[in-house]
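The two chains are supplied separately, each in an independent frame; assemble them into the complex guided by the hints.
Residue numbers (the numbering used here), protein chains in the order written: chain A, 1 to 359; chain C, 1 to 224.
No wet-lab data here; the hints were simulated from the structure. The reader is advised that the hints may include incorrect statements.
Okay, the calculated beta carbon distance ranges per label pair [stated by the list, open to error]:
no.	chain 1	residue 1	chain 2	residue 2	range
1	A	Ala-78	C	Val-42	23 to 29 Å
2	A	Glu-123	C	Trp-3	27 to 33 Å
3	C	Phe-40	A	Glu-114	48 to 54 Å
4	A	Ser-71	C	Val-42	27 to 33 Å
5	A	Ser-76	C	Ala-112	24 to 30 Å
6	C	Ile-205	A	Glu-131	43 to 49 Å
7	A	Asn-176	C	Val-42	50 to 56 Å
8	A	Ser-6	C	Tyr-60	15 to 21 Å
9	C	Ala-130	A	Asp-28	32 to 38 Å
10	C	Asp-114	A	Asn-176	29 to 35 Å
11	C	Phe-85	A	Ser-76	41 to 47 Å
12	C	Phe-85	A	Glu-131	29 to 35 Å
We put the beta carbon where it would ideally sit given N, CA and C, even for glycine.
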Amino acid sequence: MADELSCACHARLPSGFELDAEFRLPLDRAPITVLFGPSGAGKTTLLRMLAGLDDPEKGAIAFRDRTWFDSASGVSLAPQERRAGYVAQDFALFPHLDVFHNIFYAARTAKRRELIKAFGLEELACRYPRELSSGQRQRVALARALAAEPVILLLDEPLSALDAAARARTRQQLRNRLLASGVSCILVTHDRMEAAALGDWIAVIAGGRVRQCGPVQDVFQHPADADVAESLAVENVLPAQIVGRHAGLVDLRTGSALLQAVDSSEAGVVVVCIRAEDVAIARDSPQTSSVRNRLAGCVNSVTVEGPLARIELDCGFPLVAMITAQSAQELTLKPGDQVCAIVKTTAVHVAARSGGVSD
Amino acid sequence: MDWQAIWLSVRLSVCTTAILLIVGVPLAAWVAFSHRRWKFLVEAVVALPLVLPPTVLGFYILLAIGPRSPLGALYGKLTGGMLPFSFQGLLLASVLYSLPFTVQPVAASFAAVDRGLIEASWCLGVSRLATFRRVVVPLARRGIAAGAILSFAHTMGEFGVVLMVGGNIAGVTRTVSISIYDQVQALDYAAATETSLFLLGLSFIVLALTYSFQRRGWTVWPMS
Numbered sequence: 001m002a003d004e005l006s007c008a009c010h011a012r013l014p015s016g017f018e019l020d021a022e023f024r025l026p027l028d029r030a031p032i033t034v035l036f037g038p039s040g041a042g043k044t045t046l047l048r049m050l051a052g053l054d055d056p057e058k059g060a061i062a063f064r065d066r067t068w069f070d071s072a073s074g075v076s077l078a079p080q081e082r083r084a085g086y087v088a089q090d091f092a093l094f095p096h097l098d099v100f101h102n103i104f105y106a107a108r109t110a111k112r113r114e115l116i117k118a119f120g121l122e123e124l125a126c127r128y129p130r131e132l133s134s135g136q137r138q139r140v141a142l143a144r145a146l147a148a149e150p151v152i153l154l155l156d157e158p159l160s161a162l163d164a165a166a167r168a169r170t171r172q173q174l175r176n177r178l179l180a181s182g183v184s185c186i187l188v189t190h191d192r193m194e195a196a197a198l199g200d201w202i203a204v205i206a207g208g209r210v211r212q213c214g215p216v217q218d219v220f221q222h223p224a225d226a227d228v229a230e231s232l233a234v235e236n237v238l239p240a241q242i243v244g245r246h247a248g249l250v251d252l253r254t255g256s257a258l259l260q261a262v263d264s265s266e267a268g269v270v271v272v273c274i275r276a277e278d279v280a281i282a283r284d285s286p287q288t289s290s291v292r293n294r295l296a297g298c299v300n301s302v303t304v305e306g307p308l309a310r311i312e313l314d315c316g317f318p319l320v321a322m323i324t325a326q327s328a329q330e331l332t333l334k335p336g337d338q339v340c341a342i343v344k345t346t347a348v349h350v351a352a353r354s355g356g357v358s359d
Numbered sequence: 001m002d003w004q005a006i007w008l009s010v011r012l013s014v015c016t017t018a019i020l021l022i023v024g025v026p027l028a029a030w031v032a033f034s035h036r037r038w039k040f041l042v043e044a045v046v047a048l049p050l051v052l053p054p055t056v057l058g059f060y061i062l063l064a065i066g067p068r069s070p071l072g073a074l075y076g077k078l079t080g081g082m083l084p085f086s087f088q089g090l091l092l093a094s095v096l097y098s099l100p101f102t103v104q105p106v107a108a109s110f111a112a113v114d115r116g117l118i119e120a121s122w123c124l125g126v127s128r129l130a131t132f133r134r135v136v137v138p139l140a141r142r143g144i145a146a147g148a149i150l151s152f153a154h155t156m157g158e159f160g161v162v163l164m165v166g167g168n169i170a171g172v173t174r175t176v177s178i179s180i181y182d183q184v185q186a187l188d189y190a191a192a193t194e195t196s197l198f199l200l201g202l203s204f205i206v207l208a209l210t211y212s213f214q215r216r217g218w219t220v221w222p223m224s
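With the rest of the complex left out, here is chain C (with noise of 0.2 Å):
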């Protein structure tokens, strides 16, 4: 089995998950609660990656971070490096294309959450932040949960964005799906089908871990 390109894609989920966090959940607390009418745009910007084919997301990031577009002309003056075909060029695209798996169970979880509670805190006297951090973020925790998994999961998996961004160098963008699809193409179907096992077992714990996590079903899909 390629170690390596496993520990690549391990090392690049557990970044991702960790910067989805991070960002992921202010957004979603943002589209669990606020009530601007252009909401519906954010959301739909937000859940594009769910419906758009990954060459064309991996397309786009690459042109946004290529050396001449102004990221990643300000990327190389900081850094000296370029952004496409490395690891930090990787873990940005796997960040907007996870950020649906994130925000939508964690939105969805905050949404769910009895408002009369959040309205008790706020009339104890807590504040709105303190209020989300002590009430809202515990009572969400299954969600949160969800939403880590899933971009986990999803980050482990994913081809079509990584090959666009990443490329295929082995130990810095070659993941576990684009070894298996190297594989193939060298016909070592026996090497193949080793890394596809392991990778369908691994979706397999992850989503049933998911669902005991959520007493309530709901779908990995663009819900209300």
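Just chain A, with the same shape it has in the complex (with noise of 0.2 Å):
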């Protein structure tokens, strides 16, 4: 059998929701796989089913060329089989040892000082748990999991326990170790920048079921259903490329146009997401503003959507735009006027984006 995860599974969540996911992941395209949707979607007991912690209703899940679970054969391996470093979101590291034994305690690797090393845990290594931020245990947890040389990564929210400004700053790390650790990725988030910035593949979970699975540029471009786009709502998820930095800031460039984001040392090629609800439209360029990006464009389309209004630009490249209905009534907005588009810096986010993406 090929190097993919297969599972097709009904389950009944705790909510008394009913969870129908059959996927399929190819894991030597997909390094990181990003399991996407609201929460109580049944994401972290589709990861604890992975991992052999809860068994599905009926279904059948394999690794590889290895049957984990299957309700017809009666087959069940425990957690210990599967050998799957599960990383609950709460980290679950062991508070009566300290950071050292936490991630020996079921090591497999001889590369141990390595290991300390790269996850910059030298100097905590005789702290215990509770004498560490959240960002710090996030870093013991991965450590540990991958020092018992596990199959694959299951990580639910490993970064729901950090704050907004933390995590902006952690996403390309956890992705860069991720990466590095050679080992396949199955990720949980509900965050759908977190998703853009962190997998390479994206699995969308809504109303019990998984819509869409693939690449996540072509999910995020071509959603399979309105469901999907919806809870996804990300409208721009552009190329791009790093042509220079200055003062914080990084400039890229987007088609033929000239974006500013906050520079969170990415390199080369990336990816910039932008929600379309982060885009403002004028007529005129504002000339006495904070705001950076300014982007001369062309309308393309305006599509009324209830009280909102959907504007999609040309400004040297795709640009969509969610502004009110009243907006778009005031400027008298019409397909072929030339316009300003107005993002700020901070709204566009810069994901790297190192090989194995899409073909």
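Have a look at this one:
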């Protein structure tokens, strides 16, 4: 069988909802898969079923050429036999052990020193979990999971315990560490920016089913249905090139336009994510504004969706803006109009995209 | 003071506590982690000595270990001795009588261990038994210590069961509390006061230790 994880499971969630999870992940093509969906959609349950902590009501789970679970033949491997590196949302560090003994609690790796160093934990080795910050705990939990040499990593909202500022900073670090580990990873999140920044593949869960599963950019750009589009709600996912950086900001070339974003130390080819609701539209370029990204563009289409209007623009690259229908009326926007799109620097999210994304 | 009786009680309590740790900890683990439907029956049986009059318990134990019972007959065949009115018989009775004082605090502390930690250990590839030894027991050490101390103290002070099963043989089955009873019967109030004060002081120290071990308050009575 191919290098893939296949799952076709039916389960009843603690909340009473039912979950039908059916998907296949090509692990060789997608080092990091994001399991994305709203809170309560069953993401954690799905992850626990993959880890062997909960059994589905019926269905089958296979990893590479091994059956992990099959209700038809009564197979259900224990977590110890699956060796999936499950990292719970609260990290579940052993409170009676210091950092060193947590990490090497069940270590199979001989590269102890390297692991401690790779996670920047040299100075914390003798501390106890209660003496660590959330970010440090997250690193210890990840190092502990990797030390046991798992066949796959399962991370449940690894960044949710961090405050918003630390989360954005840690995202790229986490992705780099996961890629460096060489272990495929399934990561649960309900944050669409996190999904776009961390994942190579994404599986979108909505309404108790896996609605779409594929490369992140494909899914963001071509949502399979309205539910997926609504839950992702990041209309602008654009390839970009970093062309300069100064004073903590980066200049990005997207199509023929230049954008500015807060520097988060990525390099080379990146992906820029902008929510449509973060794009404002003006008739004339405002000369006295704090906003640094002012893009001249041409209106392609105007679609009124209830109280909101969806404006598709061409600013040297396709850009979608979501403004109130009232504003659209006041500006009398119509296709062909020359306008100025305004995006705050902080609304431009940059995510590294270092290979292995889409074909 | 009747040092012979005190020494006997100490020996009895130490042996009882040791046996209870060996028998009670696995039993407590089963009570804490089993999902069997009839678990409540076992819990009720374990807790019986808390509510049963010691004389009733002692009476049944006496019947169960008597030379005509299967257990007593087997013991007689193996050792040539008899269980009733012997130290060994007393030990058996003490273990049964103090069982809930070990099992309940220990089971409560096992159940209080965060399930996420146990699952984390499983997912790291560590077996259930090793996880119990390396995660559950260290995190429940306060409860285990409390169970041991309570069992020790409870055995030090027991009276009814000892009298029923052991009788009153100096150096063999005459424990501290029976010695006090004898002293009062003999109107030797000075000796009774001395021994009683000793037991009172010991009990207080033991309970103070127990509660200092236990951050969250709990009682010696049956808990959920």
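Hint check results:
Taken as a hint, the range 23 to 29 Å holds for the pair Ala-78 (chain A) and Val-42 (chain C), whose Cβ atoms sit roughly 25 Å apart. For Glu-123 (chain A) and Trp-3 (chain C), the Cβ-Cβ distance of about 57 Å falls outside the hinted range of 27 to 33 Å, so the restraint is violated. The given range of 48 to 54 Å is respected by Phe-40 (chain C) and Glu-114 (chain A), whose C-beta atoms sit roughly 52 Å from each other. For the hinted restraint 27 to 33 Å between Ser-71 (chain A) and Val-42 (chain C), the CB-CB distance of approximately 31 Å keeps it satisfied.
Between Ser-76 (chain A) and Ala-112 (chain C), the C-beta spacing of about 28 Å keeps the proposed range 24 to 30 Å intact. Judged by the Cβ atoms, the range 43 to 49 Å given for Ile-205 (chain C) and Glu-131 (chain A) is violated: they are separated by roughly 33 Å. Remark: the range hint 50 to 56 Å for Asn-176 (chain A) to Val-42 (chain C) is upheld by a beta-carbon distance near 53 Å. Judged by the Cβ atoms, the range 15 to 21 Å given for Ser-6 (chain A) and Tyr-60 (chain C) is violated: they are separated by roughly 60 Å.
Taking the beta carbon of each, Ala-130 (chain C) and Asp-28 (chain A) are about 34 Å apart, inside 32 to 38 Å as hinted. About 31 Å separates the C-beta atoms of Asp-114 (chain C) and Asn-176 (chain A), a value consistent with the hinted range of 29 to 35 Å. Hint check: Phe-85 (chain C) to Ser-76 (chain A), Cβ distance near 55 Å, so the stated range 41 to 47 Å is violated. Taking the beta carbon of each, Phe-85 (chain C) and Glu-131 (chain A) are about 58 Å apart, not inside 29 to 35 Å as hinted.
Of the numbered hints given earlier, the model fails hints 2, 6, 8, 11 and 12; all others are met.
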